[in-house]
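Between the sequences and the hints, there should be enough to build the whole structure, so can you do that?
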Amino acid sequence: MKQYKNMFSAETIANYLQGVVEGDPSTSVTGVARIEQGKPGALCFFANPKYEKYVYTTKASIILLNKDYKLKEKIAPTIIRVDNAYEGIASVLGLFESAKAANKKGCEYPSKISWRSKRGKNCYIGAFAYIAKGVKLGDNVKIYPHVYVGDNVTIGDNTIVYSGAKIYQGCVIGANCIIHSGAVIGADGFGFAPQANGEYKKIPQIGNVVIEDNIEIGACTTIDRSTIGSTIIHSGVKLDNLIQIAHNVEIGKNTVIAAQSGIAGSAKLGESCVLAGQAGVIGHLTVGDRVTIASKSGISNNIPDDRQMLGFPAMEASKYKRSFAVFRNLPDLWNNVNTLVKKVAVLEKNQDNKSDE
Amino acid sequence: MKQYKNMFSAETIANYLQGVVEGDPSTSVTGVARIEQGKPGALCFFANPKYEKYVYTTKASIILLNKDYKLKEKIAPTIIRVDNAYEGIASVLGLFESAKAANKKGCEYPSKISWRSKRGKNCYIGAFAYIAKGVKLGDNVKIYPHVYVGDNVTIGDNTIVYSGAKIYQGCVIGANCIIHSGAVIGADGFGFAPQANGEYKKIPQIGNVVIEDNIEIGACTTIDRSTIGSTIIHSGVKLDNLIQIAHNVEIGKNTVIAAQSGIAGSAKLGESCVLAGQAGVIGHLTVGDRVTIASKSGISNNIPDDRQMLGFPAMEASKYKRSFAVFRNLPDLWNNVNTLVKKVAVLEKNQDNKSDE
Amino acid sequence: MKQYKNMFSAETIANYLQGVVEGDPSTSVTGVARIEQGKPGALCFFANPKYEKYVYTTKASIILLNKDYKLKEKIAPTIIRVDNAYEGIASVLGLFESAKAANKKGCEYPSKISWRSKRGKNCYIGAFAYIAKGVKLGDNVKIYPHVYVGDNVTIGDNTIVYSGAKIYQGCVIGANCIIHSGAVIGADGFGFAPQANGEYKKIPQIGNVVIEDNIEIGACTTIDRSTIGSTIIHSGVKLDNLIQIAHNVEIGKNTVIAAQSGIAGSAKLGESCVLAGQAGVIGHLTVGDRVTIASKSGISNNIPDDRQMLGFPAMEASKYKRSFAVFRNLPDLWNNVNTLVKKVAVLEKNQDNKSDE
Chain S
1 MKQYKNMFSA ETIANYLQGV VEGDPSTSVT GVARIEQGKP GALCFFANPK
51 YEKYVYTTKA SIILLNKDYK LKEKIAPTII RVDNAYEGIA SVLGLFESAK
101 AANKKGCEYP SKISWRSKRG KNCYIGAFAY IAKGVKLGDN VKIYPHVYVG
151 DNVTIGDNTI VYSGAKIYQG CVIGANCIIH SGAVIGADGF GFAPQANGEY
201 KKIPQIGNVV IEDNIEIGAC TTIDRSTIGS TIIHSGVKLD NLIQIAHNVE
251 IGKNTVIAAQ SGIAGSAKLG ESCVLAGQAG VIGHLTVGDR VTIASKSGIS
301 NNIPDDRQML GFPAMEASKY KRSFAVFRNL PDLWNNVNTL VKKVAVLEKN
351 QDNKSDE
Chain X
1 MKQYKNMFSA ETIANYLQGV VEGDPSTSVT GVARIEQGKP GALCFFANPK
51 YEKYVYTTKA SIILLNKDYK LKEKIAPTII RVDNAYEGIA SVLGLFESAK
101 AANKKGCEYP SKISWRSKRG KNCYIGAFAY IAKGVKLGDN VKIYPHVYVG
151 DNVTIGDNTI VYSGAKIYQG CVIGANCIIH SGAVIGADGF GFAPQANGEY
201 KKIPQIGNVV IEDNIEIGAC TTIDRSTIGS TIIHSGVKLD NLIQIAHNVE
251 IGKNTVIAAQ SGIAGSAKLG ESCVLAGQAG VIGHLTVGDR VTIASKSGIS
301 NNIPDDRQML GFPAMEASKY KRSFAVFRNL PDLWNNVNTL VKKVAVLEKN
351 QDNKSDE
Chain G
1 MKQYKNMFSA ETIANYLQGV VEGDPSTSVT GVARIEQGKP GALCFFANPK
51 YEKYVYTTKA SIILLNKDYK LKEKIAPTII RVDNAYEGIA SVLGLFESAK
101 AANKKGCEYP SKISWRSKRG KNCYIGAFAY IAKGVKLGDN VKIYPHVYVG
151 DNVTIGDNTI VYSGAKIYQG CVIGANCIIH SGAVIGADGF GFAPQANGEY
201 KKIPQIGNVV IEDNIEIGAC TTIDRSTIGS TIIHSGVKLD NLIQIAHNVE
251 IGKNTVIAAQ SGIAGSAKLG ESCVLAGQAG VIGHLTVGDR VTIASKSGIS
301 NNIPDDRQML GFPAMEASKY KRSFAVFRNL PDLWNNVNTL VKKVAVLEKN
351 QDNKSDE
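Line by line, the protein sequences give chains S, X and G.
For the first sequence, the residue numbers in our numbering are 1 to 357.
For the second sequence, the residue numbers in our numbering are 1 to 357.
For the third sequence, the residue numbers in our numbering are 1 to 357.
Be a bit skeptical, because a hint or two may be false.
In this list, chains with the same sequence are indistinguishable; a pair is considered to hold if it fits within one copy or across any two.
Stated by the list, open to error - Cross-link-like lysine to aspartate or glutamate pairs, in silico, EDC-like; alpha carbons within 20 Å at most:
#1 K202 <-> E87
#2 K202 <-> D157
#3 K343 <-> D332
#4 K342 <-> D352
#5 K202 <-> E108
#6 K342 <-> D306
#7 K105 <-> D151
#8 K321 <-> D332
#9 K39 <-> E52
#10 K253 <-> D306
#11 K136 <-> D213
#12 K53 <-> E36
#13 K342 <-> D332
#14 K112 <-> E22
#15 K133 <-> E108
Hints listed in this document are in silico derivations from the structure and should not be mistaken for laboratory results.
Pasting the structure below:
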């Protein structure tokens, strides 16, 4: 069970979830557990029918149940009835987490905070964090240890930057963002001009990265600064770990990208797209809104809205699957064709013979 | 040649390897070299027949030879005969390295070590390391500079965490592990609930990561914390660089994963699997024991024990290879079929004509 | 617009670019802007015909134009005529950037600099940087905050190491290199010897990494140290973000590798190769000079010079494309063959019947 200092009563939680208590509304919990691991002081939930038997044996103090679930016998825990227990648990976790995270504030020693930087109320700045000149931090910003915030970076209210994330000079981060450890925002785009002697000359990358609001950026994800202008991540985008976003890319709002995917330079993704893991988009392409790209697939052409893409080079998913179904049986196809070649040769010979007759 | 402060005699090394000295057992070396680059004071080995000529010219002071290798003429270096010179060299390197690494201990200034943390004997804590409250370090733990160890993390005996690795709160690391620079353990899993308005709401990730014993984790590899419960890496697992292990994943003992592979959320890998580079496993799948997955291949179904998988979507390797062999020749197949279509049309026409006669 | 402290006149810039001023040579600018966003004090350029209308409306103070471009009417900005405005802008950006970066020097407090390290003139060492014993830094080296430079590392003149990059002991970095945040140079190669009991025993990695001159290494790229000897990156190589270079690899000069590509252990790449994103090369292979490897493609055999490779397993690009064109139509091919099978069966039956007549 995950333990928190804060304790919440069934009544508080039910109010928060707009649910209904069955049993003692003063029953209180300090954490959340899986139904099969429930202990006194924990809240658990029941959503997956596979786990139904544990509803009747769990030792948790509170259980979240769907409103339409009919109990087969009386159970010990206090019950909170909600429309959707699975969604409810997420909210409860949020309740505990936000109560906890809200506690962290103040500046730990030693950190390096330029006197030419500004910050709002209730910020946390961890030890060994580096806040360069011209930086502006909003209210409630949390900068964990070993974070580097370069010259003139702006970070909006309530944003959390975890230990060791690096933000190069001039980048703009919005409000309510979460940036995980190891993420690198604003490193130089990969731009080089080939020279006659075979060497490459660096094209300076003097743009920046703009991260709007409500964005989460995973561990070791890299977002390069633009050559000129801005690499732009629009609000609500969620990026998993180890993702590469190249220079001059623009990603539409509420698009979600899974781990190890890469978006090459100057590509433009629409809104509400979903990219599965290890996907890729080639440079300078435009991908429409609500496009889904399957894992390991690679987009090599512009894609209109609402398409589902699969494979590399990516095709519409349904077409790719049909082609791949044949691919699985290619040896049979090959043999069938060889058999036909022989049969047709016999047929031709026989016909010729007949003609000769 | 790699130079060490420590010096070892042929006798010491032979004892360590359970080998036999031919020549002066007091000959001593301070390092290891390739056979073709051997210098006085170095130990070299001969395993690859391509390098045989150097056995007779190397200037190394000691040479490891297989017991069954017959010298064609007398050589200068002191010889240590072992069953397997290639395996022997690995052990010798370990001898030098462990002698060296064992020296590092004490706390460098400035580091940040919570008075509410505990640690065992002979630990090393580098400058700018951050040890949060509730942390427990075993004996001989080495924490290099810039490492972040979050609240309540436990690290077992003899584990080494290299510069800049980050371990989020509540994670558990076993004994005899090596965690390389840039690795991020325990960042939030990638879990979001889609909302009616197109936005995504974060599902708090309140579990942790459990790393058992004898595990190596490569540079910039990311292992996310579980939503509830633990993401588990069982003992003996070896992870290369830039690997993504998503939340709720479980990896069986002695499984080896090469660089840039990714395991999606809630997937479960068996024991003694081998994943080559850039491989992937889709979420919620179960992969059996001793499964091998070829590089760039992607598992999209549950896989029983002992299979060898290749391609994406992955098929059994032998079947994939047969299909791919035909793929290489698809243009010929296409032409053959077109030729057949024409020939059959002619045959049909001729037959019709005949029927008409 | 990107603002700099330094101000440059049209005359200075024209001299630098070997261009010609039309208008007031004393017109000065402090930054660069896109043509459509030009403001007083900015320099812009015109290269893409799509933007021609802005030539006549931009408010920039200076505009770079190609020598052969004919103005349709008089324009307000001072003009600098160059052979190639697009290449010219890169040089101007470099002028501004180098003027700016050259300013940074001195050691910030607190940093950890071993008294047993050496450094040349005009170095910058940021706060929380760690410079271990035996380190040698050339002139004008810039070490940003949170960088770790291990024992006995050498770094050549003018090299920049951005915040949080990690360089393990004994590695050698040349002159004029740029290493971005999160890069890890010299972590242990991934080498393990399987044991009879199913466990893997670490093979010590006691070599190093040698990075020659004029090399750029992207964010979170990992280059492992050699088992014995050196992993070698030859001069002029450009590596994007999140790339894996395994132990014992050698990369020929002026080779360019895009993000998320991986080179497995002991592979050898030639000179002037170009690898697109998410490409891979399997271990122990040799790839010739001037080979191009398409994105997501994987090399599984030795490749001679000058080949263009695509797919996985990679084939020559033109052949792969022809095969893939058929792959797209495999369901049709399958149907055609099935139709043929039936037709041939009918033909055979009819012929048999005829024979029987």
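Hint by hint, here is what the structure shows:
no.: 1; hint: K202 <-> E87; in the structure: between (50 Å within a copy, 11 Å between copies)
no.: 2; hint: K202 <-> D157; in the structure: between (36 Å within a copy, 17 Å between copies)
no.: 3; hint: K343 <-> D332; in the structure: both (16 Å within a copy, 18 Å between copies)
no.: 4; hint: K342 <-> D352; in the structure: both (15 Å within a copy, 16 Å between copies)
no.: 5; hint: K202 <-> E108; in the structure: neither (39 Å within a copy, 28 Å between copies)
no.: 6; hint: K342 <-> D306; in the structure: neither (47 Å within a copy, 39 Å between copies)
no.: 7; hint: K105 <-> D151; in the structure: between (23 Å within a copy, 15 Å between copies)
no.: 8; hint: K321 <-> D332; in the structure: both (18 Å within a copy, 13 Å between copies)
no.: 9; hint: K39 <-> E52; in the structure: within (17 Å within a copy, 67 Å between copies)
no.: 10; hint: K253 <-> D306; in the structure: within (15 Å within a copy, 42 Å between copies)
no.: 11; hint: K136 <-> D213; in the structure: within (16 Å within a copy, 37 Å between copies)
no.: 12; hint: K53 <-> E36; in the structure: within (9 Å within a copy, 66 Å between copies)
no.: 13; hint: K342 <-> D332; in the structure: both (15 Å within a copy, 16 Å between copies)
no.: 14; hint: K112 <-> E22; in the structure: neither (53 Å within a copy, 48 Å between copies)
no.: 15; hint: K133 <-> E108; in the structure: both (19 Å within a copy, 13 Å between copies)
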